[in-house]
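> What follows is each chain in one-letter form.
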Amino acid sequence: MSEDLKKTPLYDLHVELGAKMVPFAGYSMPVQYPAGIMTEHKHTRAGAAIFDVSHMGIVRLMGENAIPALESLLPADLANLAENSIRYSFFTNETGGILDDLMITKVPGGLSLVINAACKDADIAHIKSKIGDQVEVEVEYDNALIALQGPKSVDVLARFDVRCADMKFMTFMSLDIEGVACQVSRSGYTGEDGYEISIPGDKAEAIVRRLLEEPEVEVSGLGARDSLRMEAGLCLYGNDIDTTTTPIEAGLIWAIQKRRRAEGGFPGDDVILKQIADGAPRRLVGILPEGRAPLRAGVEIANAEGEVIGKVTSGGFGPSVGGPIAIAYVASDYKAPDTALNALVRGKEMPCRVVKMPFEQKSYFRG
Amino acid sequence: MSEIKFSEDHEWIVVDGDIGTVGITEFAQEQLGDVVFVEVPEEGKDLELGDEAAVVESVKAASEVLAICDGEVIEGNEALADEPSLVNSAPMGEGWFYKVKITDPSQLEELMDADAYKTFIEGQG
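Residue numbers (the working numbering), protein chains in the order written: chain D, 1 to 367; chain E, 1 to 125.
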């Protein structure tokens with residue numbers, strides 16, 4: 001393994017727990033623990049699992065201009081975002097493509113962003129060059145970020161701070177965990193109820209060890225995180241969305257609120273607003289293979305005549321679904337659920353059909 | 001008297017006369033993780049050393065199983081279609097992939113015996 005891979009504050013604990021460490025976005029990260037991806041995935045859907053997501057970036061934009069400044073880079077309505085509420089959004093480019101997707105929290109005096117590990121440096125450079133003169137940019141370097149995910153997460157966390165139980169999905173508050181002030185959001189990327197918890201780096205290992213003492217809690221790696229988010233129909237940057245895909249093609253229109261659709265004022269607004277009005281040439285859909293063979297990213301999708309009309313961007317085995325699942329772009333004529341298509345795998349046609357996502361129903365706490 | 005040989009691609013072959021039974025090793029299944037799909041070669045297929053003989057997919061990724069020697073497939077393990085996890089639970093038993101009628105036994109001389117393979121995987125740790 002390369003010497004210059006970065007380590008999160010939980011690295012030693014991962015190794016001690018027997019994790020298989022892999023390079024990911026410049027970090028050495030646990031892809032799985034001895035229990036294996038299948039078990040870790042199923043445990044997340046039934047109990048509570050801890051994921052280390054410290055490789056993701058936390059950036060704060062402070063100052064009275066933070067909202068209009070950030071709105072100039074992305075299509076979310078932040079002016080109407082309540083204090084301590086969270087919104088999903090994406091930085092767009094001039095052609096309507098996506099530079100990164102992110103979570104935005106309205107905090108006192110500004111906004112706090114969680115951005116993808118692989119895009120971290122580019123995002124920070126983008127923010128600084130475009131709006132660096134309008135906001136104060138603070139990058140968080142020392143914290144650990146963990147996700148506690150699964151239906152039992154609330155029971156577990158309430159033993160440390162009961163206030164977590166009243167938090168609604170996509171809201172934020174500071175909680176006391178073992179005497180440490182942690183920044184907690186009720187959110188995640190697994191399709192389950194849960195929390196994302198930012199902990200001072202030097203306190204992170206002790207808190208994670210303490211959480212693991214709770215009977216419902218197990219550790220889970222990046223492998224299970226990927227199969228969980230696929231089942232939940234959530235896009236992964238770099239796979240399902242990138243600079244060549246628009247939010248409309250990716251089915252993310254729900255994250256462009258009404259005011260921004262009316263006013264525009266974000267990079268690529270001409271392309272994106274036109275696609276909202278006229279439709280996009282291709283759409284991201286769920287694909288359910290009829291056989292047992294998983295369809296991996298890059299597999300082509302053909303119509304009944306054998307003409308290639310799409311491509312898989314994420315695919316594999318869904319442990320809770322109990323079979324293969326995939327996410328693919330298809331030409332818009334083929335986006336309707338139940339459309340019969342063929343995936344081209346190793347020179348063979350594998351029958352599959354378009355399905356609505358998520359593959360597994362979510363259970364978020366809406367209060 | 002049968003003998004077992006191992007390849008650097010973490011496959012094993014048990015040779016009995018001119019018939020070989022082929023599978024992947026304990027080390028390989030551990031590396032793969034939970035196996036969710038296996039495609040074994042059909043009876044009658046002619047394999048040449050290094051051809052893609054089978055496909056094994058875990059939750060993580062797809063891997064090719066390359067032909068360990070030349071020969072004609074006489075049987076694929078049908079049980080793996082319904083129960084791919086046999087590769088995890090019994091990689092060197094019920095989780096075998098295919099049986100082959102060996103046409104060039106000299107190719108097997110290049111393979112490792114159990115002791116040599118043990119040393120080989122220790123070097124891969």
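A few of these clues could be false.
In silico negatives: residues of chain D with every beta carbon more than 12 Å from chain E [stated by the list, open to error]:
(1) Val31
(2) Thr39
(3) Ala255
(4) Phe317
Mimicking DSSO-like on lysine-lysine, the simulated pairs with C-alpha atoms at most 27 Å apart in a straight line are [as the list claims (entries may be wrong)]:
(5) E:Lys45 with D:Lys20
(6) D:Lys356 with D:Lys168
(7) E:Lys45 with D:Lys348
These are calculated hints, taken from the structure and not from any lab test. Please read these numbers as outputs of a predicted model, since none were measured by experiment. Ideal placement from N, C-alpha and C gives every residue a C-beta, glycine not left out.
> Take the hints in turn and mark each one as holding or not.
Against the structure, the hints come out as follows:
| no. | hint | in the structure |
| --- | --- | --- |
| 1 | Val31 | violated, 7 Å |
| 2 | Thr39 | violated, 8 Å |
| 3 | Ala255 | holds, 29 Å |
| 4 | Phe317 | violated, 4 Å |
| 5 | E:Lys45 with D:Lys20 | violated, 37 Å |
| 6 | D:Lys356 with D:Lys168 | holds, 26 Å |
| 7 | E:Lys45 with D:Lys348 | holds, 16 Å |
When each numbered hint is compared with the structure, violations occur for hints 1, 2, 4 and 5.
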